[in-house]
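My request is simple: use the sequences and hints to build the entire structure.
Number of protein chains: 2
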Amino acid sequence: MLVGKQSWRFDNRPAILGTGVVGGPFEGKGRLGSEFDVVYDKLWMNEDSFEKASRLLVEDAVKIAIKKSGKQQDEMQFFLAGDLINQITPTSFAARTNSLPYFGLFGACSTSMEGLALAAFLVNYGGAKHVVTGASSHNSAVERQFRYPTEYGGQKAPTAQWTVTGAGMAVVGESSMQMTNQPVVVGATIGKVIDMGMSDPLNMGGAMAPAAFDTIFTHFQDFALPYDHYDCIFTGDLGEIGHATCYELLMQKGVNLPQNKFKDCGLLIYADSQKKDVLSGGSGAGCSATVFYGHILNEMKQNRYKKVLICATGALLSPLSFQQGETIPCIAHAVAVELLN
Amino acid sequence: MLVGKQSWRFDNRPAILGTGVVGGPFEGKGRLGSEFDVVYDKLWMNEDSFEKASRLLVEDAVKIAIKKSGKQQDEMQFFLAGDLINQITPTSFAARTNSLPYFGLFGACSTSMEGLALAAFLVNYGGAKHVVTGASSHNSAVERQFRYPTEYGGQKAPTAQWTVTGAGMAVVGESSMQMTNQPVVVGATIGKVIDMGMSDPLNMGGAMAPAAFDTIFTHFQDFALPYDHYDCIFTGDLGEIGHATCYELLMQKGVNLPQNKFKDCGLLIYADSQKKDVLSGGSGAGCSATVFYGHILNEMKQNRYKKVLICATGALLSPLSFQQGETIPCIAHAVAVELLN
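So the protein lines, in turn, are chains A and B. Counting along the first sequence from 1, when you hit position 80 you're at 111 in our numbering, and nothing is skipped either side. Counting along the second sequence from 1, when you hit position 24 you're at 55 in our numbering, and nothing is skipped either side.
Calculated from the structure, these hints are not laboratory results. Treat the numbers as computed from the prediction; the structure is a model and nothing was measured. One or more hints might be untrue.
Identical chains share a label here; the pair holds if one copy fits it or two copies do between them.
[Unchecked claim] Pairs of lysine-lysine, DSS-like flavour, derived with a Cα cap of 25 Å:
id: 1; residue 1: 36; residue 2: 102
id: 2; residue 1: 337; residue 2: 294
id: 3; residue 1: 187; residue 2: 73
id: 4; residue 1: 98; residue 2: 160
id: 5; residue 1: 36; residue 2: 160
See below:
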C-alpha cells in the first residue's frame, strides 16, 4: 500500500528466494570476489562482442537465481530487468532466452531497485507467485557507449568511476511461515528525477548524490522511521565523492547516521589494490545488483545485518544528451529488506 | 490477480481519468488529426534538437492528461513511461520537469501497454491513487537513431513504416460508482519475447506479427474468453504486412475474428493521401499511445465500442544489435479496456 508521498509498504513481505551473481575478471579480483556465484576470467566470455557478453551475464545470473530458489523455470511468471546499453538489448536478448513474460526497465544504475520494488509489489498483491528481477552492466560495452572504448586507454579524472562487469538477479516470491533466515522486502521508496545542473559524465557520483539524499530522506519521512532504524544504509554507486556528498546532505538535514552505518556498493566491491583503475569507485547497473544480491544478502544471512536499506542511484543521461549540452538528470530508488527469522 | 499463465485481472477496474495526446504536423494532416489535443505545425517545436522536441511532446501530453483528469499535479503519485531514444532521455527529462516519482520503461513500441498494465496494477492494489503513464516517439529523432537521418531523403522499402511524432499520456486512477461513460482497465496480458529470426529493420511489422499473435492468443486462453468477446482488437503498429500476417496466424489457430473487428493503430493514424510516405503504416512508441489515448477512447465514449483489447507491439532491437548480426526480438503486451456505464 501507498505510504506517505512516494513509498510502498509490503505487508505480505515478499521473499528473496534465490539470487544469481555473475562477474568479470576484475570483479573476481575485488574485495567481494568470493561472493560471486560465477566469475568469468575473460571479458569476452567466449562471445564475439561485449554486448553479447553482457547478455550472457544476464542469462547466467537468471539461471543461477532460479536454481538457488529451489523453484523451476516454469514457476516464474515475469522477468523485470534492464541494463545501460542502448535499447537495453542485452537484457531483451536474455529475455528471449529465458522466455519469461518481460517488463523492460530503464533506470540506469537505479534499475536494480526499480525492478525489486516492482517485483515486490507484484508478488505482495498476488500478481505473480515468483518473478525474476535484476540489472547488469559490462565494463567494455558501457564504457564505449558512454565514454570511450577501453581499448583507447584514455586517462580519466579522479572523480571518474569504474563500470562493474556483472549481473545480479533474484527470484522474488511469496514468503511462508516456515521460512527461516530469509530476506524479505518490507518497503520501497520511488525516487523523483533530481538535477542539480551537473554535466560532467566523469563525475556521476557527485551528480547522483542529491538524488540519493532526496530518496533516503523521503523514505524516513514517508515511513516515519527513526534515523537509527536500519543496521546499515547502502547507496548504489556514488563512489567516494558522491557518497561523502550524500552523507553531508543527510547530516545537514539532521539525519545523523554513524559513518559505519552508511556504505556504498561502489566503494565495497573492489580491493584497495585496484584503486588506480577504479578511481572514485565502482559504478554501472551491475554494481548495486551484484553487491546487494551477493555480499549484502550473505551478510544478512550471517546475521551481521537484520534491517538494511538499499538506495540504488541512476544517472539518466545519454551520450547524445551530453553532446546536446544537457545536464545529468539523476534518480534513486530505495528498497528496505529485513531478515525474517 | 494473476490469471492463467501471464495475465492479470483488475477487479477494482482502474479508470482512465484523462488523456493528453500531442502530435506533429504530419499527424495533424492524418485521418485522426482532429483527435489530437495539440498538433505542432513544425517538427522542431521551437527546440534546438529533435530529441528536445521529443521531450516537449511528453511534457505537453502529461500536463494535458492531468488537466483533463480534473485532478491536480500533486495528486499524482508516479510516472511510468518510456520512448525509443537511447537511454529514453526524452522521457527522463520530462520526468525532471513534472517531478513525479518515476519508473523508466523500455518496451520499444509496446511501452504504451507495458505502462498501462503496470499503472492499472498499482492503482488496483492501492499502490497509488493516480499515476501518469504513456509513451512517445518523434519521427526525425527516431529515424536517425534507428535508420538514417531524415535529411538524407533515403528511399525505403515498401515494407518500411513511418515513425509517428507524438506522445499519448493518461492519468489512471481509482474508479468510483458515480462515474459514467468512463473507460476502465479490466485486464492485461504481458508478452514474452518472440524472435522468428527476422533481421530487417525495414520490415518491423513482419517481425512483430508473431509476438502480437502469441500475446492475443494467450490472452484468450488465460481469461478463457470467447473469440467474439471484444468489439474490436487493436494491434499497435504492425502495418499492412504485419497486421495481415498476425490475422492469418490467429485464423490458423482457430481465432475467427471478423476482419472489421481487428484493426491496427498504424493503419488508422494516417490518411490515404499520405500513403507514399507512410508505406506499410505508422509505427513508433507514440503510435499506439496516441491512437489509443486519442481516437479509440473517443470512439468508446461515443459508444462505438464497449470492450476493446489493445495489443501494443515492440521490436526490441538497437542499431548496434542489427550491426552485430542479431535478429529482431519482439514483444507485445495487451490491455483490455471496457466502458463503464
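Hint-by-hint comparison with the structure:
no. : hint        : in the structure
1   : 36 <-> 102  : between (36 Å within a copy, 16 Å between copies)
2   : 337 <-> 294 : within (15 Å within a copy, 54 Å between copies)
3   : 187 <-> 73  : within (23 Å within a copy, 41 Å between copies)
4   : 98 <-> 160  : within (16 Å within a copy, 37 Å between copies)
5   : 36 <-> 160  : between (28 Å within a copy, 11 Å between copies)
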